[in-house]
Structure formats: structure tokens, C-alpha cells
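Chemist: Sequence:
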Amino acid sequence: MKKTLSFAAVHMLVAFSVGFLMTGSLWVGGALAMVEPLVNTVAYYLHEKLWKRIEATGENALHA
Numbered sequence: 006m007k008k009t010l011s012f013a014a015v016h017m018l019v020a021f022s023v024g025f026l027m028t029g030s031l032w033v034g035g036a037l038a039m040v041e042p043l044v045n046t047v048a049y050y051l052h053e054k055l056w057k058r059i060e061a062t063g064e065n066a067l068h069a
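Add 5 to a position in the sequence shown, counting from 1, and you land on the number used in our numbering.
By construction, these hints were calculated from the structure, which means they are not laboratory data.
Wrong hints could be hidden among the right ones.
[Unchecked claim] Computed cross-link-like contacts, DSS-like style, restricted to lysine-lysine with a CA-CA straight-line distance of at most 27 Å:
id : residue 1 : residue 2
1  : K8        : K57
2  : K54       : K7
3  : K54       : K8
[Unchecked claim] Computed beta-carbon distance windows for the label pairs:
id : residue 1 : residue 2 : range
4  : S30       : T62       : 40 to 48 Å
5  : T9        : W56       : 18 to 26 Å
6  : L43       : G63       : 27 to 35 Å
7  : G29       : E60       : 39 to 47 Å
Glycine included, every Cβ here is placed at the ideal spot set by N, Cα and C.
Just need the whole structure built from these sequences, with the hints factored in.
Modeler: This is how it looks when you write it as C-alpha cells:
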């Protein structure tokens, strides 16, 4: 759990830093630090569901 929390903190720091450096805005950096990791987490969940379906039905499911 410590590793997961550490990674979440690093992810949020990177999102904040990129947003702030690109815009100079603390608000934009803060918003990105909150929104981007959340959206990325949902995308990862959906990605995992897709891969489980592919593994269950075989790799040819992508080409159907």
C-alpha cells in the first residue's frame, strides 16, 4: 500500500509540474494534479477489463 500511495503522490506531482510549467498557473497545475490521475485510473481500469476479455476469448477477438 505504501508503494501505491507513493506512486499516486509522484503521479500527482508530475501532473501538477507539467501543467504549471506549461501555463505558469497554479490553478491549472492543481486542476491537472487532481483530474488527470483520476481519469488515468479509470482508463487503466477499462484497459484491464478489455485485456481480460481478450485473454478469455483469444487474441483474434481484436481482429473480429
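Chemist: To test your reading of the hints: which numbers does this structure violate?
Modeler: Per hint list: zero violations.
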